[in-house]
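Novice: Spelled out, the chains give:
There are 2 protein chains.
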Amino acid sequence: MRLSQIIEKVLDEVLPSEGTRPEVLSKAMRYAVGTGGKRVRPRICLAAAEAVGGTAEDARYPAAAIEILHNYTLVHDDLPAMDNDVERRGKPTVWKEFGEANAILAGDALLALAYRTAALAPRNVPQIVQELGEQGLGVVRGQVEDIEQGDKDIEFVYIHKTADLFIAAAVMGALAAGASPEDVAKLREFALNLGLAFQYEDDLLDGDSPYGMEKTQSLAQEATAKAISSLDGLSGDTTELRLLAQSLLGRKK
Amino acid sequence: MRLSQIIEKVLDEVLPSEGTRPEVLSKAMRYAVGTGGKRVRPRICLAAAEAVGGTAEDARYPAAAIEILHNYTLVHDDLPAMDNDVERRGKPTVWKEFGEANAILAGDALLALAYRTAALAPRNVPQIVQELGEQGLGVVRGQVEDIEQGDKDIEFVYIHKTADLFIAAAVMGALAAGASPEDVAKLREFALNLGLAFQYEDDLLDGDSPYGMEKTQSLAQEATAKAISSLDGLSGDTTELRLLAQSLLGRKK
Numbered sequence: 001m002r003l004s005q006i007i008e009k010v011l012d013e014v015l016p017s018e019g020t021r022p023e024v025l026s027k028a029m030r031y032a033v034g035t036g037g038k039r040v041r042p043r044i045c046l047a048a049a050e051a052v053g054g055t056a057e058d059a060r061y062p063a064a065a066i067e068i069l070h071n072y073t074l075v076h077d078d079l080p081a082m083d084n085d086v087e088r089r090g091k092p093t094v095w096k097e098f099g100e101a102n103a104i105l106a107g108d109a110l111l112a113l114a115y116r117t118a119a120l121a122p123r124n125v126p127q128i129v130q131e132l133g134e135q136g137l138g139v140v141r142g143q144v145e146d147i148e149q150g151d152k153d154i155e156f157v158y159i160h161k162t163a164d165l166f167i168a169a170a171v172m173g174a175l176a177a178g179a180s181p182e183d184v185a186k187l188r189e190f191a192l193n194l195g196l197a198f199q200y201e202d203d204l205l206d207g208d209s210p211y212g213m214e215k216t217q218s219l220a221q222e223a224t225a226k227a228i229s230s231l232d233g234l235s236g237d238t239t240e241l242r243l244l245a246q247s248l249l250g251r252k253k
Numbered sequence: 001m002r003l004s005q006i007i008e009k010v011l012d013e014v015l016p017s018e019g020t021r022p023e024v025l026s027k028a029m030r031y032a033v034g035t036g037g038k039r040v041r042p043r044i045c046l047a048a049a050e051a052v053g054g055t056a057e058d059a060r061y062p063a064a065a066i067e068i069l070h071n072y073t074l075v076h077d078d079l080p081a082m083d084n085d086v087e088r089r090g091k092p093t094v095w096k097e098f099g100e101a102n103a104i105l106a107g108d109a110l111l112a113l114a115y116r117t118a119a120l121a122p123r124n125v126p127q128i129v130q131e132l133g134e135q136g137l138g139v140v141r142g143q144v145e146d147i148e149q150g151d152k153d154i155e156f157v158y159i160h161k162t163a164d165l166f167i168a169a170a171v172m173g174a175l176a177a178g179a180s181p182e183d184v185a186k187l188r189e190f191a192l193n194l195g196l197a198f199q200y201e202d203d204l205l206d207g208d209s210p211y212g213m214e215k216t217q218s219l220a221q222e223a224t225a226k227a228i229s230s231l232d233g234l235s236g237d238t239t240e241l242r243l244l245a246q247s248l249l250g251r252k253k
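For the record, the sequence lines run as chains F and G. Each step along the first sequence adds one to the number in the numbering used here, with nothing skipped, and position 213 is 213. Each step along the second sequence adds one to the number in the numbering used here, with nothing skipped, and position 123 is 123.
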């Protein structure tokens, strides 16, 4: 697939080669980001650039940045002090493979690399980095709320823990292609709803939702429809974003 | 002091207010950054802007960014899986006060905030963020090398774990004030040597150095002299940078 090729190529370009010192860090960073996979967030980023009349190539660095940032969140979420997960995508988690200290540090390194990479965008770098910082902070806020003891605000968790990185992906892609403020606003709305739909679908796949299965099913459909309708009136080619939104609905793990 | 006031004011401006949800995160972030203290790195950043003919105000956001980034490294270094420290600056460390998961996440949030803040600089944002990303990655590389079992390269650790953030501070401050490439290069050299001098002095204060006390004393003096001589020919007022370099030599904890 065209977009997938761009994504794997730019990730390979910006990640440290395995020989870069200290080697354990470079290996852990590459292990964390992996190869292939769905790459949902970077696909949104590239497709958002096309949806505002730019090219996918305009958004290649922000796309790599959002995927790298997403993977740091997984590395830290899996830690013993957090979810204590030993396996992800059928392989040992980063801390299980490289040790706990190296996993904390590999996550930190991925975070630094994400911002350095976003700053390579061809235009609008101040707004792009501010957006990544804002939503990168948001995802942590969602995670802290999620692990809070006692009553937690599920909507707050879903918006921040899941949708914020979808928003950063779409907005950065649009900005990298020189979008108008109106187009950026439409894509922000699209990504918020697509992120929520993604989370509802995740709950359906897990067979566990705070809203119950039937209600979650209709929430997912509503959010997807709302996302797709936000694309009306965009100045570029929205084909990829529409396909992406439809493919996430009723997806398999 | 003039520079200190700018630093405390901008830190207060960009850190989340204590009521920002989730409150435990906002509290932990403010607790980690603290108030007062030496603020060596942001002072270098502001003084670098003056040294290239700009004003300290030009560099206020990069100065806040480097101090916030420095403090995330301390929060993560103190974790049980890393140095397992329970006290810092006479107070419980962040993980001891807020729990391990919240400390990992507060560090992550500070990192996101650092980049968002650097992107508020008045000019040269792409280069500023790339520099912060490069040295932010460097500090992690130094830390991984430092905790490696077996032979480690002390010079590599000192350059990356300590000097890299000094370099980011000086270079970002210069760029924020619109420095010429020649002035940026001089300040990079200044900061590398000042960072090394700072680390040697730290070893002297701890009474423990891989080079032995006498040798470390002379290394500190040489590095400080080299740093100060790098300031010759800069186009602005280097008074603050010279004072800063001299005050670090033979300093007390």
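I should point out that these hints are in silico values taken from the structure, not numbers from a laboratory. Treat the hints with care, as some may be off.
In this list, chains with the same sequence are indistinguishable; a pair is considered to hold if it fits within one copy or across any two.
What the hints assert, rightly or not - No farther apart than 25 Å at their CA atoms in a straight line, the calculated lysine-lysine pairs in the DSS-like style are these:
| # | residue 1 | residue 2 |
| --- | --- | --- |
| 1 | 38 | 27 |
| 2 | 226 | 27 |
| 3 | 152 | 96 |
| 4 | 27 | 91 |
| 5 | 96 | 9 |
| 6 | 226 | 91 |
Novice: Give a verdict on every hint.
Specialist: Outcome of the hint check:
| no. | hint | in the structure |
| --- | --- | --- |
| 1 | 38 x 27 | within (21 Å within a copy, 36 Å between copies) |
| 2 | 226 x 27 | neither (41 Å within a copy, 36 Å between copies) |
| 3 | 152 x 96 | between (29 Å within a copy, 23 Å between copies) |
| 4 | 27 x 91 | within (15 Å within a copy, 36 Å between copies) |
| 5 | 96 x 9 | neither (27 Å within a copy, 42 Å between copies) |
| 6 | 226 x 91 | neither (36 Å within a copy, 50 Å between copies) |
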